[in-house]
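So the sequence lines, in the order shown, correspond to chains H and V.
Mapping of the first sequence onto the working numbering: residues 193 to 380, in sequence order.
Mapping of the second sequence onto the working numbering: residues -9 to 288, in sequence order.
Since the hints were made in silico from the structure, they are not lab data.
Everything numeric in this text was worked out from a predicted model, so none of it was measured.
For every residue, glycine included, the Cβ atom is placed at its ideal position computed from N, Cα and C.
Misleading hints may appear alongside valid ones.
Just the calculated beta-carbon pair ranges, DEER-fashion [as the list claims (entries may be wrong)]: (1) V:Ala184 to H:Val350: 29 to 37 Å; (2) H:Glu341 to V:Ala7: 23 to 31 Å; (3) V:Arg105 to H:Glu341: 37 to 45 Å; (4) V:Gly107 to H:Ser257: 50 to 58 Å; (5) V:Arg108 to H:Arg237: 57 to 65 Å; (6) H:Ala207 to V:Arg154: 37 to 45 Å; (7) V:Ile86 to H:Ala317: 32 to 40 Å; (8) H:Ala277 to V:Gly210: 17 to 25 Å.
Non-contacting residues of chain V with respect to chain H, defined by C-beta distances greater than 12 Å in every case (computed) [said to hold, decoys possible]: (9) Leu183; (10) Pro234; (11) Trp244; (12) Leu263.
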Amino acid sequence: MGLIAHGFLLLVTYAAIVEPSEVESRLQRFFSWYLQPLHLQVDHRPIYFLHTGTDTAALQFQRRSLPTGPADAGDSDSGWQPLPAVGWPGGEARKRYQRWAAMTAGLARQQEVGLAGLLARNLVADADVQAFRLIAQENAMLEQFPYFEKEAYRAAVVHEAGAPRFIELNERRQNALTASPGEESTDE
Amino acid sequence: MSEPAAGGPLADAPPSAWDRFWFSPGSLRRVGQIRSGLAILTLLYFASYWSDIGFWFADGGVADREVFARLISETDSASTARWRLSPLFWTGSPLIMRAYLAAGIGLAAVVAAGRGGRIATALLWLAFLGLANRASFLAGLAELPLAFGLAYCAFVPTPRSRDRANDWTAGLSLRLLQTHTTLWLITVLLTQLAGSAWWNGNAALALVAPTDARLFDLGGLLSRPTLGNSLTHLLVLLPLLGLPLAWHRPTNRWGVGLLIGWWVLLGMLSAQLLYAATLLVLISSLRWNFFPGGYRGS
């Protein structure tokens, strides 16, 4: 009986990899006391390879320390420097860094800019960081996706009481057109 | 020709097909080899965190406890994340975290050497789960097969602790490894075939495309359609042939060979070396001759 139950739960969790149905999600939540501590739940990890071509993009966190003017905290395309990556190419440490970057980019593209800022928060704790962005590096595959947005996230960084606060620039531009001064939408 | 059932559920009554499949005695030595292989990979996994565990998990780190807590509370994973149990959530000290890694590396070395028996293997499994669960959102692909592989080896005694070569616990362990690995491979095959790159021939090129994660620059070579397309089609063909052949006794050797070829190629192209190496160890459990006698389940 235990073997059957174990096999059934494995079937449910693997069948839910690409896009879980409502029933699969409920079952996974109900049996999370079994699947999570034993690390059996896949949790959106791509155990398959290349579900979409844009998965091939390696991402890079970049920062800019010096604003080009008082009204420009990150709008310019110059002066960006990559944050030092962790580990060596192909190594597990570098893959972890890439996964974190991919999760940040994914949240930003889903308009979850507050959460994206949360993931990036401790990467830009230095007080001199004025702006931050996350871009996809060019590769041979991305040429086939001309409309793929290579810049996943860009934000101005304001340091308050030792903690960075992000102002997502697309939102900032929009608010500048629609809201009165001082009502900027903020993340983090 | 065959040894007695060596105790277990088959000791008293004529076994059903179900019991024969799951509880026939299997080779303790073979399970020991698989366990050693997984322990070496677990050692490498612990070692891979040595340089960056503080960067991620120490207080003020990129994925410290505060970030983790806010992340799960503000996403829909709040109800399940509380079951990601790990002693590493109790500390923000990089020193203690490195001590944890050192203990894990030591345990893995003991198990890889075939020492320590079931207790050391179980402790290694628990230590591994602790790190993998703490990593949580950072965890990658290798953690999943390592977690179930270590679990299935943890209840089998080491060969030197028994006066016989085969045991029903080894048979059960091998069956769990075989069925779970097969389910895993089928899932990988089916889900990746949903991606267009596997149909239009670009998958091999796409595997080597990420500039920040590759070991070799094969992009120029594989951008030639003849080579890139052929390799893509081969990567689809290998599991389609290998899986049924591996589960058919007379062709088992060929099937396992094709599956090994599949994962060697995938590992080299994608640079997912730890993940591919784990799968290669698990695929080796599919060899039929691990059951020296009594099994007729195919």
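For each hint, the structure was consulted:
no.: 1; hint: V:Ala184 to H:Val350: 29 to 37 Å; in the structure: violated, 43 Å
no.: 2; hint: H:Glu341 to V:Ala7: 23 to 31 Å; in the structure: violated, 56 Å
no.: 3; hint: V:Arg105 to H:Glu341: 37 to 45 Å; in the structure: violated, 54 Å
no.: 4; hint: V:Gly107 to H:Ser257: 50 to 58 Å; in the structure: holds, 56 Å
no.: 5; hint: V:Arg108 to H:Arg237: 57 to 65 Å; in the structure: violated, 29 Å
no.: 6; hint: H:Ala207 to V:Arg154: 37 to 45 Å; in the structure: holds, 40 Å
no.: 7; hint: V:Ile86 to H:Ala317: 32 to 40 Å; in the structure: violated, 22 Å
no.: 8; hint: H:Ala277 to V:Gly210: 17 to 25 Å; in the structure: holds, 24 Å
no.: 9; hint: Leu183; in the structure: violated, 8 Å
no.: 10; hint: Pro234; in the structure: holds, 19 Å
no.: 11; hint: Trp244; in the structure: holds, 24 Å
no.: 12; hint: Leu263; in the structure: violated, 7 Å
Hint compliance for this structure: hints 1, 2, 3, 5, 7, 9 and 12 are broken, all remaining hints hold.
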